[in-house]
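Asks: What follows is each chain in one-letter form.
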Amino acid sequence: MKYLKIFILVAFAGLLIYGSLDLPYRGDADNLMHSQRSITDTVVAGNYFIQEAYNDANTPNMVTVVLGDYRSIDTLGEQVVVFTAGLICLLILRRYRPI
Amino acid sequence: MRTQFESPIVLLGSRLLSPYIMLFGIYVIFHGHYSPGGGFQGGALLASSVILIRLSGGRIVSRLQVREFFTTPLAAIGVIVYFGTGIVSILFGSYFLDYEALPFPGGLDPAALRYYGILVIEIGIGIAVMAILVMIYDHMARGEDYV
Amino acid sequence: MYDFLLGHYSYWLTIILLCIGLYGIIFKKNLVKKTIGLTILQASVVLYWVSLGSKWGATVPVLDPAYPASDVANYLNPLPHTLMLTAIVVGVATLGVAFALLIATYNRYKTLDEDEILEQIQ
Chain W
1 MKYLKIFILV AFAGLLIYGS LDLPYRGDAD NLMHSQRSIT DTVVAGNYFI
51 QEAYNDANTP NMVTVVLGDY RSIDTLGEQV VVFTAGLICL LILRRYRPI
Chain B
1 MRTQFESPIV LLGSRLLSPY IMLFGIYVIF HGHYSPGGGF QGGALLASSV
51 ILIRLSGGRI VSRLQVREFF TTPLAAIGVI VYFGTGIVSI LFGSYFLDYE
101 ALPFPGGLDP AALRYYGILV IEIGIGIAVM AILVMIYDHM ARGEDYV
Chain L
1 MYDFLLGHYS YWLTIILLCI GLYGIIFKKN LVKKTIGLTI LQASVVLYWV
51 SLGSKWGATV PVLDPAYPAS DVANYLNPLP HTLMLTAIVV GVATLGVAFA
101 LLIATYNRYK TLDEDEILEQ IQ
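Protein chains in written order, with this note's numbering: chain W, 1 to 99; chain B, 1 to 147; chain L, 1 to 122.
Keep in mind the hints are simulated off the structure, nothing from the lab.
Beta carbons are placed, not taken as given, at the ideal position from N, Cα and C, and that holds for glycine.
Heads up, a few of these hints could be off.
Computed, partial: chain B to chain W, Cβ under 8 Å [to be verified]:
#, residue
1, Gly32
2, His33
3, Tyr34
4, Gly38
5, Tyr115
6, Ala128
7, Ile132
According to the in silico footprint, chain B covers these stretches of chain W (three or more CB under 8 Å from chain B) [as the list claims (entries may be wrong)]:
#, segment
8, 55-62
9, 65-77
10, 83-91
Taking lysine-lysine pairs in the DSS-like style, the calculated list, with each CA pair at most 25 Å apart, reads [as the list claims (entries may be wrong)]:
#, chain 1, residue 1, chain 2, residue 2
11, L, Lys28, W, Lys2
12, L, Lys110, L, Lys34
13, L, Lys33, W, Lys5
14, L, Lys33, W, Lys2
15, L, Lys110, L, Lys33
16, W, Lys2, L, Lys29
17, L, Lys28, W, Lys5
Looking at chain W on its own, in the form it has when it is part of the complex (with noise of 0.2 Å):
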């Protein structure tokens, strides 16, 4: 039992090094992720990104742009979870007879 659990770990590292060897180098700056437009010549996100938050919303840091304003209704979703995982909390954890 305890060589089947070590057989399982090695085969999966050597399974996930043989994937990392096709991946492109890392900090290139002819990516396919940070060139102008897409293989189907169509805008790229990034970029877009990049060069359109401040004329937008005036706010120098891209991140809170893109997560505040661009893509909103993904952080409504987090917040949901967040708040239903302090529920389940509430939930879980409730007797009635103490020691």
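Dock chains B and L against chain W, hints included.
Replies: Coordinates of chains B and L only, in the frame set by chain W:
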């Protein structure tokens, strides 16, 4: 975690530090437009300043700072502020969470209106995250007493 | 060869951290240690995502008046940072739920060891 930690030096150090941590948390929330920060980071700092007193002083001393039954309504208020901004935008004739339709006085251009809309949202997020983290800690500290 | 190592070493370090977390989940018998292994695995995934959006010679995605925003090689990609902010907060919330479940388990079975709980169930 009900009773006090036995050392008075820990209690003295926490009492000196806790208001400054709370002030820094409020600064991080409001300065989220100009430097890295924002709602979630400031809410975690505010929660840590309250939990510091609860850990080192016990339950009876820390009731003077934030009472225990008060955190659940505060979490609901935080989510209502976020949702309310969206519903106000619908009431004034545009789609959900459109900041250009918010009724701020003084005739501002659309870029400044989005600035104030993001600020209102960040305050709501900060209040909600602080209340929920303190609520999780409170219920875990009480839940280990019961059978 | 040197270029290949310089471009890929960060992925391998992330995979080592993931395997440390997986070792904690599979091999340890205490329930609290398994939860901590889960947290280490989540931290490694966050690190991998943030390292994908990096560029040589670029700065933080906060607008500086000295570097104009029309040249996109000056600033990092803001999208992975935003998505990982959400992921960190959700991770903390689920960690709180996991510990609440552990307290309820201890109150019911009086032990936190995996083998003893399995014996008491059957």
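Asks: Identify every previously stated hint that the structure contradicts and give their numbers, smallest first.
Replies: Per hint list: zero violations.
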